Amino acid sequence: MSIRKAFSLVFIRKSTEILLGLKKRGFGKDKWNGFGGKIEPGESILHGAMRELKEECGLSAQELRKIGILEFEFEENEVLLEVHVFETYKYYGEIIESEEMRPKWYNLKDIPFKEMWPDDEYWFPYMLRGQFFKGYFLYRGQDLILKYNIETMEELPSLDHIS
Numbered sequence: 001m002s003i004r005k006a007f008s009l010v011f012i013r014k015s016t017e018i019l020l021g022l023k024k025r026g027f028g029k030d031k032w033n034g035f036g037g038k039i040e041p042g043e044s045i046l047h048g049a050m051r052e053l054k055e056e057c058g059l060s061a062q063e064l065r066k067i068g069i070l071e072f073e074f075e076e077n078e079v080l081l082e083v084h085v086f087e088t089y090k091y092y093g094e095i096i097e098s099e100e101m102r103p104k105w106y107n108l109k110d111i112p113f114k115e116m117w118p119d120d121e122y123w124f125p126y127m128l129r130g131q132f133f134k135g136y137f138l139y140r141g142q143d144l145i146l147k148y149n150i151e152t153m154e155e156l157p158s159l160d161h162i163s
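Residue numbers (UniProt numbering): 1 to 163.
Treat the hints as calculated values from the structure; they're not laboratory data.
There could be a bad hint or two in this list.
Pair by pair, the computed Cβ-Cβ distance ranges are [as the list claims (entries may be wrong)]: (1) K38 to N149: 34 to 42 Å; (2) R4 to H47: 13 to 21 Å; (3) V79 to N149: 13 to 21 Å; (4) Q62 to I3: 13 to 21 Å; (5) L156 to K5: 15 to 23 Å; (6) E40 to K109: 34 to 42 Å; (7) T152 to E99: 30 to 38 Å; (8) E115 to T16: 34 to 42 Å; (9) L156 to Q62: 18 to 26 Å; (10) E99 to V79: 21 to 29 Å; (11) P41 to S15: 35 to 43 Å; (12) F113 to R65: 19 to 27 Å; (13) G42 to D143: 30 to 38 Å.
The calculated lysine to any residue pairs, modelled on SDA-like cross-linking and capped at a C-alpha distance of 25 Å, are [claimed, not checked]: (14) K104 to L128; (15) K104 to E63; (16) K114 to N149; (17) K104 to D120; (18) K5 to K109; (19) K23 to L108; (20) K31 to E55; (21) K54 to Y106; (22) K14 to I69; (23) K114 to K90; (24) K134 to H47; (25) K5 to Y106; (26) K90 to K109; (27) K38 to N149; (28) K54 to T16; (29) K104 to E115; (30) K114 to I69; (31) K38 to R140; (32) K90 to L128; (33) K24 to T88; (34) K31 to G42; (35) K24 to L80; (36) K23 to I96; (37) K24 to Y91; (38) K29 to K114; (39) K109 to H47; (40) K66 to G37.
In this text, all values refer to a predicted model and were calculated from it rather than measured experimentally.
Just so it is clear, CB atoms sit at the ideal spot from N, CA and C, and this is done for glycine as well.
Could you build the full structure based on these sequences and the hints that come with them?
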């Protein structure tokens, strides 16, 4: 029996660029990623995503589009991470470096996959094409994927009730 924990992951997009953040501490340190994190008790997934985005890079989203759901299991760990992936082209504010993340724009042709979580190479193409997707990854450590599955979906089920 695994324990499910909900997380958010937000990507700020332009037509040919994506904003990534270099994680400066904690889980995933020294990896480029989107912005997000744990959903607080009593907080909706959408609200948590917007809060984490603001805390980590200073930007506020005018709207967030949920594009994917990723489930991560790590060997020897009973917690299943359920990550709700969002994207937006509509945002405002000044990009700042936070204690946790150092933001940087990347051209879509130059995404630094070798400095990111290994699973990103599998599901990023779906996100970049604007396709809804659901993925599952089983890791050994933080660098070895033991098994995975990705499927496209017509629409995403609403899971905003999970906290």
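How the hints compare with the structure:
1. K38 to N149: 34 to 42 Å: Taking Cβ atoms as reference, K38 and N149 lie about 24 Å apart, which means the hint is violated.
2. R4 to H47: 13 to 21 Å: holds (18 Å)
3. V79 to N149: 13 to 21 Å: holds (19 Å)
4. Q62 to I3: 13 to 21 Å: violated (34 Å)
5. L156 to K5: 15 to 23 Å: holds (19 Å)
6. E40 to K109: 34 to 42 Å: Distance hint for E40, K109 holds at roughly 36 Å.
7. T152 to E99: 30 to 38 Å: holds (37 Å)
8. E115 to T16: 34 to 42 Å: violated (20 Å)
9. L156 to Q62: 18 to 26 Å: Once the Cβ atoms are compared, 20 Å apart, the range 18 to 26 Å for Q62 and L156 holds.
10. E99 to V79: 21 to 29 Å: holds (24 Å)
11. P41 to S15: 35 to 43 Å: Since P41 and S15 have Cβ atoms about 38 Å apart, the given range 35 to 43 Å holds.
12. F113 to R65: 19 to 27 Å: holds (23 Å)
13. G42 to D143: 30 to 38 Å: Hint holds: Cβ distance 34 Å, inside 30 to 38 Å.
14. K104 to L128: holds (17 Å)
15. K104 to E63: holds (21 Å)
16. K114 to N149: holds (20 Å)
17. K104 to D120: holds (17 Å)
18. K5 to K109: violated (33 Å)
19. K23 to L108: holds (19 Å)
20. K31 to E55: OK: K31 and E55 at ~18 Å, within 25 Å.
21. K54 to Y106: Judged against 25 Å, a Cα distance of about 19 Å means the pair holds.
22. K14 to I69: Judged against 25 Å, a Cα distance of about 22 Å means the pair holds.
23. K114 to K90: Outside the cut-off at roughly 28 Å; violated.
24. K134 to H47: holds (21 Å)
25. K5 to Y106: violated (30 Å)
26. K90 to K109: holds (21 Å)
27. K38 to N149: holds (23 Å)
28. K54 to T16: Holds, because 22 Å separates the two Cα atoms, which is no more than 25 Å.
29. K104 to E115: Between K104 and E115 the Cα gap is close to 13 Å, so the pair holds against 25 Å.
30. K114 to I69: Given that 25 Å is the threshold and the Cα spacing comes to 22 Å, the pair holds.
31. K38 to R140: holds (21 Å)
32. K90 to L128: holds (16 Å)
33. K24 to T88: holds (23 Å)
34. K31 to G42: violated (29 Å)
35. K24 to L80: holds (23 Å)
36. K23 to I96: holds (14 Å)
37. K24 to Y91: Measuring from Cα to Cα gives roughly 23 Å; hence the hint holds.
38. K29 to K114: holds (14 Å)
39. K109 to H47: Violated, at about 31 Å.
40. K66 to G37: holds (15 Å)
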